[in-house]
Amino acid sequence: AQKVTQAQTEISVVEKEDVTLDCVYETRDTTYYLFWYKQPPSGELVFLIRRNSFDEQNEISGRYSWNFQKSTSSFNFTITASQVVDSAVYFCALNDYKLSFGAGTTVTVRA
Amino acid sequence: EPEVTQTPSHQVTQMGQEVILRCVPISNHLYFYWYRQILGQKVEFLVSFYNNEISEKSEIFDDQFSVERPDGSNFTLKIRSTKLEDSAMYFCASGTDSSPNTGELFFGEGSRLTVL
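Protein sequences appear in the order of chains A and B.
Residue 65 is where the first sequence starts when you use the working numbering, and the numbers rise one by one after that.
Residue 250 is where the second sequence starts when you use the working numbering, and the numbers rise one by one after that.
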């Protein structure tokens, strides 16, 4: 069985603040993949990043960064200098032969 | 860039009616999926399809649901007799032969179903 927990239901920030989204996962597999997806108000799912369980190197891509810690089963996501267009629901997901999503965190960025 | 397309984007139906949601996956993909998202809730796996048969289904995917690939390009989800609780956004996704291992799926923009 696998499980993805996003403890934060909603986060509201003022533009230019940083936002960190928490994700904790459970799996018995040694090989797995983790994802972050964004769902803007228009409803589509936008792929942001994928990480495999063997790659704990954290990364920065523009205003996005990820912190993968296998020891604590966490895969956190940070938006630096948030913008109004970042307002969306963000989903963490885990794959072990099928993709399972967390409950999502609604991010609202106010101008 | 190839993409997964879904039709209709929004369908309103009466309870008890049959609904067919259509998806055109990326042409060289081998794995096909349907996911469901009830409004305000998480995205849930319904079914995966490979080699013209269901490879896995969730407990949500009961006898009211069926999938098929009738013509080698479309991938359809049929709900035989819709219930109010079937109201949701339905996402189709497709993937390559590595997708079951990597989880790399390509999602369509979704079909919103409203059951009255």
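Derived from the structure by calculation, the hints contain no laboratory data.
We put the beta carbon where it would ideally sit given N, CA and C, even for glycine.
Just so you know, not all the hints are guaranteed correct.
Unchecked claim - Using 27 Å as the maximum straight-line C-alpha spacing, the simulated DSSO-like pairs for lysine-lysine come out as follows:
id : chain 1 : residue 1 : chain 2 : residue 2
1  : B       : K306      : B       : K332
2  : A       : K80       : B       : K332
3  : A       : K80       : A       : K102
4  : A       : K80       : A       : K162
5  : A       : K67       : A       : K134
6  : B       : K332      : A       : K134
7  : A       : K134      : B       : K327
8  : B       : K327      : B       : K291
9  : B       : K291      : A       : K162
10 : B       : K306      : A       : K80
11 : B       : K327      : A       : K162
12 : A       : K67       : B       : K291
13 : A       : K162      : A       : K102
14 : B       : K332      : B       : K291
15 : B       : K291      : A       : K134
16 : A       : K134      : A       : K102
17 : A       : K102      : A       : K67
18 : B       : K291      : B       : K306
19 : A       : K134      : A       : K162
20 : B       : K327      : B       : K306
Claimed, not checked - Label-pair distances were calculated between CB atoms; the ranges are:
id : chain 1 : residue 1 : chain 2 : residue 2 : range
21 : B       : E252      : A       : S125      : 17 to 25 Å
22 : B       : K332      : A       : S76       : 47 to 55 Å
23 : B       : H259      : A       : D82       : 30 to 38 Å
24 : B       : N323      : A       : L112      : 24 to 32 Å
25 : B       : S258      : A       : Q147      : 43 to 51 Å
26 : A       : T73       : B       : L365      : 39 to 47 Å
27 : A       : R174      : B       : G289      : 15 to 23 Å
28 : A       : S135      : B       : S258      : 39 to 47 Å
29 : A       : S125      : B       : N300      : 47 to 55 Å
30 : A       : V77       : B       : N301      : 28 to 36 Å
> Checking against the hints above, which ones are violated?
Replying inline: 2, 4, 6, 7, 10, 22, 25, 26, 29, 30
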